[in-house]
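Protein sequences, first through last, are from chains A and B.
Per our numbering, the first sequence starts with residue 1193, numbered consecutively.
Per our numbering, the second sequence starts with residue 1193, numbered consecutively.
Any given hint could turn out to be false.
Because identical chains cannot be distinguished in the list, a pair is counted as satisfied if it fits within a single copy or across any two copies.
[Claimed, not checked] The list that follows gives simulated cross-link-like pairs (lysine to aspartate or glutamate, DMTMM-like), each with its CA atoms no further than 20 Å apart:
id: 1; residue 1: 1480; residue 2: 1224
id: 2; residue 1: 1218; residue 2: 1414
id: 3; residue 1: 1218; residue 2: 1448
id: 4; residue 1: 1444; residue 2: 1369
id: 5; residue 1: 1241; residue 2: 1251
id: 6; residue 1: 1444; residue 2: 1224
id: 7; residue 1: 1444; residue 2: 1470
id: 8; residue 1: 1218; residue 2: 1418
id: 9; residue 1: 1373; residue 2: 1448
id: 10; residue 1: 1444; residue 2: 1375
id: 11; residue 1: 1392; residue 2: 1292
id: 12; residue 1: 1241; residue 2: 1418
By construction, these hints were calculated from the structure, which means they are not laboratory data.
Protein chains: 2
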Amino acid sequence: MDKLHRVVIVGGTHGNEMTGIYLARKFAQHHDLIQRSGFSTQVLLGNPKAIAARVRYIDQDLNRSFEYERLQNSQLASYEDLRAKQIDQMIGPSSNTPVDVIVDLHSTTANMGLTLMIDQEDRFSLQLADHIQRIHTDVNVYSTVNSGRSRDSLRSLAKFGFCVEVGPVAQGVLNAELFVKTETLVCTILDYLEQYNHNKISSLHGSFILHRYLGTIDYPKDGAGELQAMIHPQLQGKDYEPLRPGNPMFLKFSGETIPYSGDSTIYPVFINEAAYCEKGIAMCLMQKAQVSY
Amino acid sequence: MDKLHRVVIVGGTHGNEMTGIYLARKFAQHHDLIQRSGFSTQVLLGNPKAIAARVRYIDQDLNRSFEYERLQNSQLASYEDLRAKQIDQMIGPSSNTPVDVIVDLHSTTANMGLTLMIDQEDRFSLQLADHIQRIHTDVNVYSTVNSGRSRDSLRSLAKFGFCVEVGPVAQGVLNAELFVKTETLVCTILDYLEQYNHNKISSLHGSFILHRYLGTIDYPKDGAGELQAMIHPQLQGKDYEPLRPGNPMFLKFSGETIPYSGDSTIYPVFINEAAYCEKGIAMCLMQKAQVSY
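If we strip away everything but chain A, and leave its shape as in the complex, we get (with noise of 0.2 Å):
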């Protein structure tokens, strides 16, 4: 594989995730934190004005609106399709320089500690994953290969596109801790690449734990779709966490318990992400993986 020349890391992508918008504002202006030798890093602030709202997205989610048909389409013209197509412009497909890595920050409510997304399994993203995992032990990988996230996300302009997550926080708010922790890890990242580039990463296979997405959820909503249930005590905070069938899943709001009715143990996550109700999602469902590369 050719050495990585670009390197983009993103904060903002939703404008109420404080996290990465705080961080990406340190980076660029403490640029020697972020600077490495073998290549170039940029920082990007995916969605200013709603950042400058306070709001996820003005019209559309944005981290929804990079797939190639929309970018192409000169129909579509709401504030997140004219910043994707900017943006696809500056460091995509479309510039001149397109980038090699795309390191994109996000933030969950949902109790998920430190999530490294991965949204391909070639061997490349799956030895940075397991170099990062080794490091940092608390980080659990998810691969989104099921999910269609390598196509619509921002970081899919890149060629190598990995999203951190950190939770549970608040939308709007800022947790030093998790900033802190969030700002070790990129800074990790980046000394891989490092490393790759001058031919320092071991050529010997591995293996690790991934969590790979199977699919999702929805809240138990009556036929006017109004809500009827809420995410179980026994469930909210288990993100990661084995789900066995019969374990409790909703409460109503009558006080009754709704198990899980599945045949086979899950591992939930984004248990309760405040952004992900409107979707129609009250839940991400994972398999546990050993992977190897």
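Fit chain B to the supplied structure of chain A, relying on the hints for placement.
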């Protein structure tokens, strides 16, 4: 004092505080839960347009829109000004049957657990608060007598206004455990009012621990108003715990700690509340006092 005739339970004064919204909906559907023999109980959704949009407010904070002068000023025509006037005419001093008690349900991103706010330190309010705290020993009582909330809040429309705050919960999120706790607390308040009307409240005097509002502190900012620091990790989540002179208060993005520079121990609450950032409030400062009635 006269008997109580009309009680109103309000949810959704802020449209992204889901606990109150869904509790109000539950109470409206199951009126038996809030019905008592000695008075009528009504349920009100404070800000329907903000609830539909899942935002705190449309034009301005509804819960700061009830000052007498604002309600009388026919020039003011923002959505919340109009809604405030409407609510005043429904249940406030301008209605034919003004309400005796309002219990307004709120939530916070701060780690405050359950808080009962009282706006006046008269014997009735103090005795109710003491009673609640004896039954729900984890409830903190917060007196706003120094903060002006008895003049501008929705609950100020009633002879006696109480606010229930519950957290930590992100905006837009329903937390089942906090939902159930809040429901139980509201029912205890209604039971108390019922006992009061039936002269079953002891005439003895009592005393208990109260947190009294002193003022607020903003985040450190530069000349341009840009945030320079976050709540220090050692203070984050420590609502109602003592903050002593010299204790870490903020963490600058550079990593430098800013200590609390006051000269007496205070008790911060609403630490890092998402909605207060725009108000220039990093936390509210409280004094802990033993009050007698």
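We went through each hint and held it up to the structure:
no., hint, in the structure
1, 1480 x 1224, "neither (37 Å within a copy, 46 Å between copies)"
2, 1218 x 1414, "between (46 Å within a copy, 14 Å between copies)"
3, 1218 x 1448, "between (47 Å within a copy, 14 Å between copies)"
4, 1444 x 1369, "between (34 Å within a copy, 12 Å between copies)"
5, 1241 x 1251, "both (10 Å within a copy, 18 Å between copies)"
6, 1444 x 1224, "between (52 Å within a copy, 18 Å between copies)"
7, 1444 x 1470, "within (19 Å within a copy, 35 Å between copies)"
8, 1218 x 1418, "between (42 Å within a copy, 12 Å between copies)"
9, 1373 x 1448, "between (39 Å within a copy, 16 Å between copies)"
10, 1444 x 1375, "between (39 Å within a copy, 14 Å between copies)"
11, 1392 x 1292, "within (19 Å within a copy, 74 Å between copies)"
12, 1241 x 1418, "between (31 Å within a copy, 16 Å between copies)"
Taken one by one, the earlier hints fail for this structure only at number 1.
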